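Novice: With the hints as a guide, bring both chains together as one complex.
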Amino acid sequence: MFEPLTWALVALSLAATVFALVLAGLDRRINWWLLGLLGVVEVALLAQLVVGIVQLVGTDRDVSGPSFIGYLIGSLLILPIGALWALAESSRWGAGALAIACIVIPVIELRLHTIWVA
Amino acid sequence: MTDASATRHGPGRILIAVYGVFALSATARAAVQLATQFSDAPIAYLLSAVAAIIYCAATFALAKATIFSRRVATAAIIVELVGVVAIGAFSYAVPDDFPDATVWSHFGQGYGYVPLVLPILGLLWLRRTR
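Those sequence lines, one after another, are chains A and B. Counting with the numbering used here, you get residues 1 to 118 for the letters of the first sequence. Counting with the numbering used here, you get residues 119 to 248 for the letters of the second sequence.
Keep in mind that the hints were calculated from the coordinates and are not lab data. A portion of the hints provided could be inaccurate.
[As the list claims (entries may be wrong)] Here's a subset of chain B near chain A, in silico, CB distances under 10 Å, partners left out:
id : residue
1  : I132
2  : V150
3  : A181
Source: prediction; values computed, not measured. Cβ atoms here follow ideal geometry from the backbone N, Cα and C, with glycine treated the same way.
Here chain B stands alone, though its shape is the one from the complex (with noise of 0.2 Å):
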């Protein structure tokens, strides 16, 4: 018997906090992007976007705590870190693709690289509740 709510509580709270964080910047800045310069790199930009719902599921999936809600944070994060690292190493091979950041570009250089380590925790955390 394992109790699910137990995502949410100790250092989960700071997990969720961070990944809070960056759901809303995530999403703050996708929706400035796609608003006001979505012609200027359309790529980088959807890929702000699909980053931004990912972190908003991420982080609405760990809160509830749910058994069906930490399959859901388990996917998203998984998508996360696929996404990280594949974002990352294009747009070191190619960076004319890329000529706006994202969360995710350089494996999340401009964030301190917490958008790499993040997803990471969060898999640790999952398992570690379980």
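Looking at chain A on its own, in the form it has when it is part of the complex (with noise of 0.2 Å):
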């Protein structure tokens, strides 16, 4: 795993996820900053999928391959499915509702990286 991106990850989700309950907290609908915030998210996590499927076929250490590859394809799915969910509601629970899908992101990048090191 390629460390640096593995950790702006956990990082730029974490503050995704600590922007989306401020708003919720403020009584705030999400807007375009953390919409943004969220696309930038979104594309590193694109680079993440190339450089997991280019490294586990370049590893020769036993790395669980089905489930690293799992959790790399399913990470891309969740912040698109949230901000849609909660765009589609017109109260602070939408940004409570995307904070719930944020929080998920650095958790998927722990396990990838404790399914790598294994």
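Specialist: This is how it looks when you write it as structure tokens:
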């Protein structure tokens, strides 16, 4: 795994989680700043997918391939679905729901890291 | 006169988001387990698949939020609650039958006990928005 990308993803998605929680706390809807940040995270996740597959093919170590690829692909689905789900709610609860989606990303990155170094 | 769509608004947004996360992760996990190591622990992995189906059913039924889908959601969540309590108890009583973890093993310990709390919140929310 390319560690700087993994940790950048953890940091960015945690920041997005806090952002979404603050919006929910202030009784605000999600805004374009948050969606823009999630766009950056999504591009980084796409890069992580490519990096992960290339490194998985290149390694001699015994990494659990199906789980690893599963997490990489699954990570791409979370934010778009979460954003659509949040946009359909015209209250603070949409931002709260998006925070749930955001907090899943660092969990997935940590799982990927664990699977890779195992 | 009740408005069934209330189920998917307000705090329901967050509840359904959490259900969605579990539906996705349980489905992915069950798919990997069944595809790669089914013979290792068939009972545990079949239960993983059942749990995945129930989470998906509950998620979609809660999100659809019609009078009919609320009944489907209620049924799915009751099965979920029975499942997590039963599997949780069995996994402590006869650990040999559960060599690998399912979502519901040890009352969802591996997932911060969220699997145990989620159906209770789900039923309370369905009752609240009746």
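Novice: A separate judgement is required for each hint: does it hold in the structure or not?
Specialist: Hints, verified against the model:
{"no.": "1", "hint": "I132", "in the structure": "holds, 5 Å"}
{"no.": "2", "hint": "V150", "in the structure": "holds, 5 Å"}
{"no.": "3", "hint": "A181", "in the structure": "holds, 8 Å"}
Violated hints: none; the structure is consistent with every hint.
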